[in-house]
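There are 2 protein chains.
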Amino acid sequence: MTGDQVTATRPQPDFASTFAGPFPAGPHTEHTERRLLGWLEEHPLLPSARTRGTLVNITSHGASRTFPTADAEALALFAELLLWLTAFDDVHGEVNAACDPASLVDRTSELMLVLADDNPLPAVNPFPAALRDLLTRFRARTSPAAYLRLTASLRDTLMALMWEAHHVTQPEKVPLTAYLAMRPHTVFVKTIMVAAEIVLDYELTDAQRALEPIRRTETAVANLAGWINDLASYERELARGPAQPLSLPTLLKVRHGGTIEDAFARVSRMCEKEAAMTRQGITHLTCDPPNTLTAHARALEGIVCSFIWHTGHARYRRNVDGA
Amino acid sequence: MTGDQVTATRPQPDFASTFAGPFPAGPHTEHTERRLLGWLEEHPLLPSARTRGTLVNITSHGASRTFPTADAEALALFAELLLWLTAFDDVHGEVNAACDPASLVDRTSELMLVLADDNPLPAVNPFPAALRDLLTRFRARTSPAAYLRLTASLRDTLMALMWEAHHVTQPEKVPLTAYLAMRPHTVFVKTIMVAAEIVLDYELTDAQRALEPIRRTETAVANLAGWINDLASYERELARGPAQPLSLPTLLKVRHGGTIEDAFARVSRMCEKEAAMTRQGITHLTCDPPNTLTAHARALEGIVCSFIWHTGHARYRRNVDGA
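Here the protein sequences come in this chain order: U and L. Every letter in the first sequence is one number past the one before it in the numbering used here, and letter 270, counting from 1, is 270. The number in the numbering used here is simply the position in the second sequence, starting from 1, with 323 added.
Fair warning: there could be bad hints in the mix.
Here are the simulated EDC-like pairs of lysine to aspartate or glutamate, each with C-alpha atoms no more than 16 Å apart in a straight line [to be verified]: (1) Lys496(L) <-> Asp106(U); (2) Lys576(L) <-> Glu495(L); (3) Lys173(U) <-> Asp429(L).
Facing chain L, a subset of chain U residues (Cβ under 10 Å, in silico) [what the hints assert, rightly or not]: (4) Asp106; (5) Leu115; (6) Pro122; (7) Arg149; (8) Thr151; (9) Ala152; (10) Leu158; (11) Ala165; (12) His166; (13) His167; (14) Pro175; (15) Ala181; (16) Thr205; (17) Asp206; (18) Arg209; (19) Thr219.
Derived from the structure by calculation, the hints contain no laboratory data. Backbone N, C-alpha and C fix where the C-beta goes; we use that ideal spot for every residue, glycine too.
Turn these sequences into a full structure, and let the hints guide you.
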C-alpha cells in the first residue's frame, strides 16, 4: 500500500465552505523557482539534487499562492526565507536532532549570533551565512520594528525546534497544552504572518496588532496551519520512525484512546472549526474599505490557502525521506 | 583556606588607569532594595531566604551603580529584570540544567511563549508570570522598537543558557571562539546595554547603533563583563563541580597549558586590554556636547563600573551554593 492510499483512507478536513480551492498562484512562480535554484548555488543548504528540486518546487509554488499580489523581488526574498527554514529543519532539526540535541543546540547558537548581529564565527555549515544574507535584504526593505519582529519570530522558531528535538523520541510524554502552544512556532506560520507585512509593504500599529479580532484570527490561522500540516506529514514522519510522530493525531490518541483514524477525525473537526473562525475573522476585518487591517486580513487568507494547498504536494504524498 | 584567600593569591586585572573605583551608587539604592523584596513576595522566584537576601542586596546596589542617574521607578524595574535573570539562571540554568537539559528546554520554551506574547500556559513555576509582569511595564514605558530589542536580547540569553547547559559538563570540548562569542549572552550584559536606553530614556537610531565606535565599544564592554565575571565566579563554580567551570580560565589552560594561575594572568591582561579599549571609546564618544551618543557612552561607563564593583560582593567572595 502506498502513502497515497493510506492517507486516502484516513478522515481529512473539509474546507469546502471556508477555503474552497483551487488556489491560484501569482504571476511570479517561475521567476521565484529560478531565483531559489540560483540562491541554492550560492548557499548549498541541501546536498541532494532530488531534495533540492522538491523543496524548490513546493516553496516557489507555495509562496506564490501565499502572496499572489507580491512583487517579484519581495516574493523571491520571502521564498528564500521559507526555503532556508525548511532546509534547516530537514537537515539539522526533526529526527536528526533527536539523536544529538547538543549538536542542534550548537547549530542554533550559531544562528542566534547572526540574529543578534554579532561578528561572524568561522563557518561550519552554510546556514549562518545564508541567514545573514537574508537578514541584510529584509532589513533594507522595512522599518526597524518590522525587522525586529521578523528576527524575533525566527528566534522563537529556533527555540521551538530545539524543544521539538528534545521531545520527538517520546511524544506520548508531551502535555497536549504544551504541544498546542509550541506548534505554531514549529510550522513557521508565525514567521510567515510577520513577513507578510514586509512582503506586501504595510505595517500594523501595536494597537492594531492587539485588537481582539486580529489576535483571534491570527491564533486560528496559527492553529490551523500546524494541524493540517500534522495530518499531511503524519505518514512521512511515521516512516522516518522509530517513535510515533510528535504530532496532534498521536497526542489525541494518547488522550482519548481509539484508533489513529479516530484521532484523524478529531483533528479534522478541529481544523474545520479553526477554518470557520478564520473565515469569520477575515469577513469581519474586510467589511471596511481597503486599509491596513483589510490588507492584513487578505494576507492571512492567502497564508491559509497556501497551507491547505501544500498538503497536496508530492513532498507529503510520497513517503520519501528528505523529499 | 577560604575562598577569599584562594582568590587573593591569583592574578587579578588592574583597572586603576581605566576604571578606578570607588563607584558611587545613585540615590535610590534602598528604595530599589525594598521594591525587590516586595516583588519577590508577589513572585516567589527564590525558595531560600538567605539566597533572596544576598541576591536582592547585590542587585539593588549593582543596579544603582549601573545607572546612578536613573529615576526611582525605572531603576526598580531594571533591577527586577536583572534579579529575574539571575534567579532563573541560578534555579534552572547552570549546573542544575546540565543533569536535565530537557527540563531547561521546557522552562525556556514557556518563557519564549511569554516573549512571543502568546496566551499563557498553565503555570508550572513563577518565572513566566514574573516575566510577563516585567514585559508589560517595559512595553508601557518605551517605543515598539526598543521593546523588541529588549525581548530579542532576552531570547538570545535564554538560547545562550541552553547552549551553556549542554556544554557545562565538558568545558574542555568547547571551542574557544564559540565560548568567546556566546559569553556576552550568558552574562546578561547585552540585555543591560539594551535596557540602558529604556531606563535612561534615550534611543539610538539604527545608523548610530551601526557606527564603528559604538560597535567597537559595545563589543569591548561585552567581553570585559563576561571575563571579569569568569575570574570572580571561578571558585564558586569550581566548588559546585564536578567538572571544571565552563569559564575562560579553564579554556585558556586547555589551549596554552600551564597552571590555573597562568590562565588567570592571561585573562587579567585580556580584561585590561578591553578596559583600555572601552575607556578610549567612551572618551572619543563623549568629546561632543551632550547628545544621544554621549548618553549611551555614559551608560556603557556605568555598566562597566557596576561589573567591576560586583566582583567584590559577598556573592562571589563566599563559596556558598546559591548565595
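Now the hints, each set against the structure:
Between Lys496(L) and Asp106(U), the direct Cα distance comes to roughly 12 Å. Compliance with the 16 Å bound is thereby established for this hinted pair. Taken as a hint, the Lys576(L) and Glu495(L) pair is honoured in the structure, with Cα atoms around 9 Å apart against an allowance of 16 Å. Distance check on the hinted pair: Lys173(U) and Asp429(L) sit about 12 Å apart at the alpha-carbon level, within 16 Å; holds. The interface hint given for Asp106(U) is met, as the beta carbon of that residue sits about 7 Å from the closest beta carbon of chain L, less than 10 Å.
Interface restraint check: Leu115(U) against chain L, minimum CB-CB distance 7 Å, threshold 10 Å, status holds. Because the beta carbon of Pro122(U) sits about 6 Å from the nearest beta carbon in chain L, less than 10 Å, this interface hint is met. Interface restraint check: Arg149(U) against chain L, minimum CB-CB distance 6 Å, threshold 10 Å, status holds. Nearest Cβ of chain L to the Cβ of Thr151(U): about 6 Å, under the 10 Å cut. The hint holds.
Using the Cβ-Cβ criterion of 10 Å, the hint placing Ala152(U) at the interface with chain L is satisfied: the shortest such distance is roughly 6 Å. A cut of 10 Å between beta carbons decides the hint on Leu158(U): the least distance to chain L is about 7 Å, and the hint holds. The interface hint given for Ala165(U) holds, since its Cβ lies 8 Å from the closest Cβ of chain L, which is under the 10 Å cut-off. Below 10 Å, beta-carbon pairs count as interface contacts, and His166(U) has one with chain L at about 4 Å; its hint therefore holds.
For His167(U), the interface hint holds, the least distance from its beta-carbon to any beta-carbon of chain L being 7 Å, beneath 10 Å. A cut of 10 Å between beta carbons decides the hint on Pro175(U): the least distance to chain L is about 9 Å, and the hint holds. The restraint placing Ala181(U) at the interface with chain L holds, with a minimum CB-CB distance near 6 Å, inside the 10 Å limit. Hint status for Thr205(U) relative to chain L: holds, with the closest Cβ pair at about 8 Å, below 10 Å.
Nearest Cβ of chain L to the Cβ of Asp206(U): about 5 Å, under the 10 Å cut. The hint holds. Residue-level restraint check for Arg209(U) holds (minimum Cβ-Cβ distance to chain L is 9 Å; threshold 10 Å). Below 10 Å, beta-carbon pairs count as interface contacts, and Thr219(U) has one with chain L at about 8 Å; its hint therefore holds.
The structure shown violates none of the earlier numbered hints.
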